[in-house]
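Based on the provided sequences and hints, a complete structural model is requested.
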Amino acid sequence: KVDDPILKPVRTIYPEFESHELDYEMFAGLVIMQLRENHFERFSPEVLSLHLKELRSYTYEENHIKEALIITAVLPGSRADLSECFLPGSIIDTVNSEKVKTLEQLREALKKSISTKEIAFTLKDGPSTVLSFPKVLEEEPILSMNFKYPLTQTIKNLIKRMS
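Counting from 1 along the sequence shown, just add 159 to a position and that's the residue number in our numbering.
No wet-lab data here; the hints were simulated from the structure.
Treat the hints with caution; some may be incorrect.
[To be verified] The calculated lysine-lysine pairs, modelled on PhoX-like cross-linking and capped at a C-alpha distance of 20 Å, are: (1) K258 <-> K294; (2) K225 <-> K283; (3) K270 <-> K260; (4) K315 <-> K271; (5) K315 <-> K258.
Bear in mind that the values here come from a model prediction, so they are computed numbers and not experimental data.
Put into structure tokens, the structure is as follows:
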């Protein structure tokens, strides 16, 4: 929790002891997680300095108290991939113009997209991207089947509410 000085948001987690910390959301071909120190290991110093400057800023101890959402993967052929706007390691700034720093905030922002029929992502390192919410939800079961992962409860609920 943020108010616990020992458990800073950006810290190393130990999956075998903290399985509850392995929470994620998959949407539009993006795998989105709470940023942890474990994520830094995936990127070389060159990639961090050239392409992912915002992520690099979180490697400094003074920024470990800031919550953030990281894109850990972009599924090939997905809407996110085809937009050419998302990279693994990108930090999400806003969804539908609302700051999102936690998975709960992301899930709330996704729910609000039902009425607008659009979802707009802004990355800290990059552009804003608007996707058709109904089309993304329509493709979620196909991505799930092709890449052999279960739909998250959030996505199941959104699909049900859109039908």
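We went through each hint and held it up to the structure:
no., hint, verdict
1, K258 <-> K294, "violated (24 Å)"
2, K225 <-> K283, "holds (14 Å)"
3, K270 <-> K260, "holds (16 Å)"
4, K315 <-> K271, "holds (15 Å)"
5, K315 <-> K258, "violated (24 Å)"
Violation of the numbered hints given earlier is confined to hints 1, 5; the remaining hints are satisfied by the structure.
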